[in-house]
Amino acid sequence: MSGKIVQLGGRSLALTNLEKELYPRCAFSKAHVLDYYRKMAACILPHLHDRALTMKRYPHGVDQPFFFEKRCPSHRPAWAQTADIRLAGGEAMTFCLVNDLETLLWVANLAALELHVPLARAHAPETPTAMVFDLDPGAPANILDCGRVALILRDLLARLGLATWVKTSGQKGLHLFVPLNDPGATFAATRQFSKTVALSLEKNYPELVTAKMAKAARTGKVFINWEQNSASLTMICVYSLRAREMPYVSFPLEWPELERLTALGDAEKLQIVQAEALRRVGEQGDLFGEVLTKQQTLPHL
Amino acid sequence: MALQGIWSGTIGFSLVAIPVRLVKAVAPGRVAFRLLHNTDYSPLTRRMFCPGQEELVPPEEIIRGFEIAPDHYLPITAEELASVSPERSRTIEIVEFIDLEEVDPIYFDHPYYLVPLKGGEKAYRLLAEVMHRTGKAGLAKFVLAEREYLVTIKSTEGALALVTLHYSAEILPDNDIVPREGTVAAGEKRRMEQSIRQLRADFKPEKYADQRREKVLELLKGKMGNATVTAPAVTEAESEGPPDLVAALEEIMTEMKQQR
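Protein sequences appear in the order of chains A and B. Quick note: the first sequence uses my numbering, first residue 383, plus one each step. Quick note: the second sequence uses my numbering, first residue 2, plus one each step.
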């Protein structure tokens with residue numbers, strides 16, 4: 383077994399099974415995963431900061447069984463920060479908070495390829511910092527159809543005075559974020575607002591959009607999953623890897639780029655692989671930064 | 002059966018600290034029914050209704066008020082309530098050890114079990130064993146869901162049980178219940194004592210069961226299979242949103258379609 387102890391900021395961290403190929407089809411090993419998260423740290427850490435982490439762990443790689451881990455493992459290092467959060471059932475659970483590079487590398491070493499976080503921070507778990515529209519295509523609809531819906535949503539929300547950001551899910555869909563960063567925001571309000579918008583879109587673009595979860599209703603349409611606006615759900619964190627055949631990344635796009643690619647009909651270009659992700663953040667920095675800072679309030683009509 | 006944890010932390014006194022999880026000790030025996038609409042069998046939901054404006058009130062428009070006089074309220078915010086709530090705590094601190102027989106059963110409110118967490122098993126067993134042998138129960142203070150409770154911790158056959166107590170101010174006085182004194186003939190007293198002696202038994206609660214519950218379950222079993230009804234597939238998504246937002250969205254969308 384190849385392993386080594388690294389010293390980081392006065393803390394020591396044991397990295398294990400470095401040669402294990404977690405993405406066997408492209409020979410992408412645990413060492414590569416750790417290297418990706420280390421290089422992406424400056425961009426991803428602000429988005430993970432103070433949020434109760436859900437890990438999707440692939441101990442034997444993306445082709446083998448995975449498991450979700452919400453409870454922060456009891457074998458965590460003493461310096462790992464945690465938060466106790468009361469779940470919907472009333473039970474409190476201890477979650478990991480990925481607030482620094484050491485913790486990010488520790489969870490990456492657990493083969494937690496996918497990092498999922500809630501829309502609220504751990505110290506205010508009932509206050510969403512953003513409203514989200516999770517656009518999920520039902521085949522034969524694809525990510526380009528999601529692009530069309532995202533652009534309609536962008537224009538619609540802009541006319542209500544709301545600025546929006548978009549990222550790929552790293553799988554087949556797109557995630558549209560409306561930053562709020564408003565201490566008065568509630569999930570009840572974001573749910574109702576997003577649901578109303580989704581239903582209105584469904585009514586006006588019945589061939590393209592559905593607001594219904596039922597699989598049958600989704601065939602050939604884009605499902606606007608407004609129910610993601612919930613204190614008890616998590617979404618893939620921006621810049622997180624996805625566990626697919628290739629190390630795809632949930633990655634932010636600029637609106638003009640999405641407009642161009644949607645018009646061109648080039649679905650492939652909407653899939654960002656890790657090397658491309660690192661190259662882009664090197665050039666353009668964190669395109670999703672304003673999602674954490676932009677203050678907006680849902681209009682009271 | 003996996004017991005649902007309600008709280009976890011440590012139970013302690015002086016230098017002892019035992020990590021534990023709190024689980025329910027009773028499950029209500031009531032058979033629950035859903036309320037359905039008799040025309041289409043949709044399960045009914047509760048909505049808040051404002052009689053003043055004759056409309057449904059969304060959650061974000063609901064606040065709390067304390068009734069000072071009929072139709073006069075003092076509004077109070079969630080922040081104000083939070084400011085007087087006790088701090089959440091991870092410990093059940095035993096402050097005294099008492100004889101449980103001294104506690105009038107009227108004080109007992111809600112029973113739970115304490116389950117040892119990893120690393121606490123040994124200390125847990127020791128505390129349970131010693132409390133059982135000495136017949137002592139711990140009296141402790143404990144914060145659960147924004148309220149501070151007075152609780153007793155006692156040892157039952159090797160397990161620790163926690164029972165929340167009513168505060169003494171919550172117990173209603175019984176002064177008015179006891180009848181004014183009158184004379185009782187000695188013969189009557191003797192006869193009463195004799196009848197009680199005749200019915201004397203050991204406490205065996207398993208001899209008794211909720212017979213209506215059993216009959217209801219029997220009734221359901223008999224009906225099962227031939228008389229089920231199915232609710233129509235309505236989802237939450239069917240209802241419309243706030244009328245103002247719906248109207249604004251419609252207007253914008255009509256404009257957008259014309260421009261495209």
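In case anyone wonders, no lab produced these hints; they're calculated from the structure. Treat the hints with care, since some could be wrong.
Unchecked claim - Chain B regions said to be covered by chain A (calculated; three or more residues, Cβ under 8 Å):
(1) 59 to 70
(2) 249 to 255
Unchecked claim - Only some residues are given here: those of chain B computed to face chain A with a beta carbon under 10 Å:
(3) S9
(4) R22
(5) A26
(6) F34
(7) K119
Built from N, CA and C at the ideal position, the CB exists for glycine as well.
Would you settle whether the hint for S9(B) is holds or violated, based on the nearest Cβ-Cβ distance to chain A being less than 10 Å? With Cβ-Cβ at 7 Å, under 10 Å, it holds.
Hint status (Cβ of K119(B) to nearest Cβ of chain A, threshold 10 Å): 7 Å, holds
Would the hint on R22(B) be counted as holding, given a Cβ-Cβ threshold of 10 Å to chain A? 9 Å, holds
Agreement of hint F34(B) with chain A interface, Cβ distance less than 10 Å: 22 Å, violated
According to a criterion of three or more residues whose C-beta lies within less than 8 Å of a C-beta of chain A, is the region 59 to 70 of chain B covered? holds (count 3)
Against chain A, does the region 249 to 255 of chain B show at least 3 residues with beta-carbon separation below 8 Å? holds (count 5)
Can A26(B) be said to touch chain A, with a Cβ gap under 10 Å? 15 Å, violated
In summary, the numbered hints that this structure violates are 5, 6.
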